[in-house]
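There are 2 protein chains.
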Amino acid sequence: AGKSDHQPAGRCVDFPVSVVLPAGGTGERTGLQTPKQFCSFLGRPLISYTIQAFERVSWIQSVVVVVAKENTDLMIDIIQRFQHGKVRVVAGGSTRHRSICNGVLALGEEGEDEGRSAAADRPKVVIIHDAVRPFVEEDFLYKIAMAAKEQGAAGAIRPLVSTVIATTSEGYLDHSLERAKYRASEMPQGFTYDVICQAYQRCSESDFEFGTECLHLALQYCGTNAKLVEGPPTLWKVTYKRDLAAAESIVKESLSRSACVITGASTGAVTLADALQKAVGALDMELDVIPDLTGDNARYLLKEWNFIQLSVGYSCLSEVEAINVMLESESKAVGVLRLFLWVHLSSTDEPSVSGRAAEPAAIMDLASAAKLRNILLYGIQLHQSKRWERSALRVAEIASALIRDRSPALVGQLLQA
Amino acid sequence: AGKSDHQPAGRCVDFPVSVVLPAGGTGERTGLQTPKQFCSFLGRPLISYTIQAFERVSWIQSVVVVVAKENTDLMIDIIQRFQHGKVRVVAGGSTRHRSICNGVLALGEEGEDEGRSAAADRPKVVIIHDAVRPFVEEDFLYKIAMAAKEQGAAGAIRPLVSTVIATTSEGYLDHSLERAKYRASEMPQGFTYDVICQAYQRCSESDFEFGTECLHLALQYCGTNAKLVEGPPTLWKVTYKRDLAAAESIVKESLSRSACVITGASTGAVTLADALQKAVGALDMELDVIPDLTGDNARYLLKEWNFIQLSVGYSCLSEVEAINVMLESESKAVGVLRLFLWVHLSSTDEPSVSGRAAEPAAIMDLASAAKLRNILLYGIQLHQSKRWERSALRVAEIASALIRDRSPALVGQLLQA
Ligand SMILES: [Mg+2]
Ligand SMILES: [Mg+2]
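Protein chains in written order, with this note's numbering: chain V, 58 to 474; chain B, 58 to 474.
One or more hints might be untrue.
One copy or any two copies: either way a pair holds, since identical chains are not told apart in the list.
Stated by the list, open to error - Pairs of lysine to aspartate or glutamate residues, derived as EDC-like cross-links and limited to a Cα-Cα distance of at most 16 angstroms, are as follows:
hint, residue 1, residue 2
1, Lys238, Glu227
2, Lys298, Glu310
3, Lys143, Asp422
4, Lys428, Glu166
5, Lys335, Asp345
Rather than coming from a laboratory, the hints here were simulated on the basis of the structure.
Turn these sequences into a full structure, and let the hints steer you where they fit.
If you want it as structure tokens, here you go:
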């Protein structure tokens with residue numbers, strides 16, 4: 058997230074680029090019933106993270122997602138639920154290459170509906186990616202797009218992780234390959250529209266049926282030797298169930314790097330916010346402290362922030378509710394589960410009896426309502442005392458754990474710092 | 058865990074097998090400062106999980122861990138802390154092959170100290186594995202050991218995940234390999250002691266310096282074509298930071314499949330245990346319900362169980378403390394963080410004022426003490442009411458989340474069901 062903010066000047070692509078995202082896999086290897094591109098973590102299917110990675114890139118014009126017919130409705134639902142723009146759904150073929158070919162042909166037809174000539178709207182470069190590689194970054198897409206435009210074809214490579222060996226038909230070692238001469242071919246790959254179209258026009262039925270490598274088709278049928286570009290390890294493909302856990306941990310880590318602290322007008326809350334800001338620094342987290350979400354600060358609602366509201370003295374759960382309503386109205390645009398922490402500093406050492414009894418139930422009710430609106434709400438209570446710094450550290454530890462774990466089972470709990 | 062309980066009859070290896078575990082890697086690829094085999098999750102370094110996988114196999118006689126000199130003390134400390142038996146530490150060489158060779162030579166010297174002839178104690182088969190592949194299972198080790206004894210050499214293979222391509226020196230595609238003819242060579246590998254010794258005696262300095270594949274040395278210097286055995290996906294190598302997260306999630310899942318519920322003599326607790334047992338079934342978890350940990354039930358202390366103690370009516374935290382002390386005395390043998398949940402069903406709808414105020418502080422103090430003894434202690438409170446089933450479901454959800462997340466920051470919290 059936020060990568061595009063640091064985009065160096067002049068790295069913008071000045072020719073039309075579109076994406077074909079084959080998502081027809083059946084996912085036997087995850088050991089799960091759902092094809093892995095549709096498996097969800099943190100309330101969102103994998104393919105939606107991948108689409109988001111392309112949506113964030115301003116110079117990408119459109120994304121064609123190619124899905125098996127039986128998943129078309131599911132895919133359209135995902136696009137609506139997470140408000141994906143620039144995306145079209147196209148029906149897949151019986152093999153990976155037939156699906157990609159359908160996607161490329163669909164790109165050629167764009168604009169035809171509006172009566173313009175199809176040729177004018179055709180992309181110069183087509184990027185082909187996998188739905189199950191959600192962490193592709195803008196700077197690498199840039200490299201692939203530029204190399205594809207220059208060479209006709211370009212592909213991501215990675216060093217081999219294991220030695221590759223040739224086997225005899227009886228299952229014995231024949232020989233091992235010299236690692237330095239070979240690479241793993243990964244995604245994304247890029248092609249000029251003309252090269253990828255020609256490759257699919259000229260290739261054989263057998264290529265459509267058994268071929269695995271678009272780069273190979275471009276070489277064989279267009280004489281185009283693809284430029285190979287070494288990609289980062291984040292290009293890895295979510296293949297097994299453990300990869301879903303790894304992907305979830307990467308998203309959790311990126312979601313838990315920062316939070317927005319809302320203090321209201323209370324000076325006590327500002328002091329607490331200061332102490333928290335220092336304490337979370339040691340936990341590799343950053344806090345932005347603001348008085349409220351009005352005016353310019355409304356922009357915090359538009360990004361994937363976690364929110365921490367501080368209340369000092371009398372607890373006022375109606376404030377919590379008000380912010381939740383604001384969050385809800387913007388949550389759809391962000392498309393993720395929001396996390397909201399209410400931190401209450403009670404002003405006396407002795408908890409008031411009525412307060413202690415009422416709050417846990419009230420915050421549980423609020424959290425149940427919030428959960429229906431895709432907001433995870435938790436409470437943390439601390440008591441005004443002389444051991445102020447230690448308490449702030451405890452709040453920071455608990456807040457950091459809640460933000461990192463995002464556990465739906467613990468919403469509505471009022472934790473003690 | 059517990060795999061060996063289901064070992065089919067007759068699958069026992071009747072010749073001596075030992076393991077060499079090279080653990081000298083520096084782990085640049087994880088992006089972490091600590092070499093990845095020494096990175097910890099759930100309070101335990103990766104290499105300790107790998108060693109445990111071999112310790113569980115009754116027919117493996119000894120494990121030689123080969124570490125860089127600067128990590129010898131760290132490794133000895135890990136062996137003592139997690140009470141690993143059958144393990145020796147040997148100093149590594151400057152390359153992977155020199156390290157493995159040191160490990161193999163050390164196996165040949167076993168028994169010499171005790172005045173027996175070294176030859177008598179030499180293993181028939183040596184298994185070579187990676188410290189960063191913690192999930193190797195007994196049945197696969199059996200296959201490798203048997204194939205190695207029969208053929209002289211055997212190695213794990215996996216299908217290629219990506220297409221492998223040959224590159225030109227200028228960074229362009231030269232050609233792609235036909236996937237079906239090639240495999241990824243993985244670990245473990247097995248060799249007869251004679252084959253692996255001969256291979257290292259005969260191989261060149263250049264092999265020691267640059268070679269990556271023991272199977273290749275066995276072929277080149279002993280004429281032994283290794284038998285290749287397809288392994289399960291769990292053999293994968295922890296390489297990147299995301300792999301540590303994946304490994305952690307696999308261990309968490311295996312640790313959270315079951316728990317032991319202690320009811321005491323109370324009939325109310327037995328009824329609650331019944332309701333919980335049904336509720337966790339839907340969450341893919343199993344509960345063993347027992348009255349206490351005396352007699353035959355003391356065996357629960359010896360394995361990696363999670364414990365849930367039920368209290369009905371008056372809460373008796375001294376019981377909690379008593380069980381914690383028992384857990385502590387056995388924790389060293391198990392070598393993992395133990396998880397202990399105290400579930401308190403208060404018998405009235407109205408919480409007693411003194412109870413509400415006292416318990417959270419008391420359980421927090423208990424938990425702080427328990428944490429120093431490697432026990433993660435949490436509390437869950439529910440109130441006797443007519444909506445009994447719903448409450449049991451909530452307890453099950455919260456318990457399941459706590460057991461799965463194992464969050465150190467949340468110990469001592471008294472959660473409300
Ligand atoms: Mg491919
Ligand atoms: Mg190897």
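Here is how each hint holds up against the structure:
Proximity of Lys238 to Glu227 under the C-alpha cut-off of 16 angstroms is restricted to the inter-copy arrangement: shortest distance 12 angstroms between copies versus 26 angstroms within a copy. Taking the closest pair of Cα atoms, Lys298 and Glu310 come within 16 angstroms of each other only across two copies (12 angstroms); inside a single copy the shortest separation is 19 angstroms, beyond that limit. Taking the shortest Cα distances, Lys143 and Asp422 never come within 16 angstroms of each other, neither inside one copy (39 angstroms) nor across copies (55 angstroms). In the homo-oligomer, the alpha carbons of Lys428 and Glu166 never lie at most 16 angstroms apart, since the shortest distance is 42 angstroms inside one protomer and 64 angstroms across protomers.
Taking the shortest Cα distances, Lys335 and Asp345 sit within 16 angstroms of each other inside one copy (12 angstroms), while across copies they are farther apart (45 angstroms).
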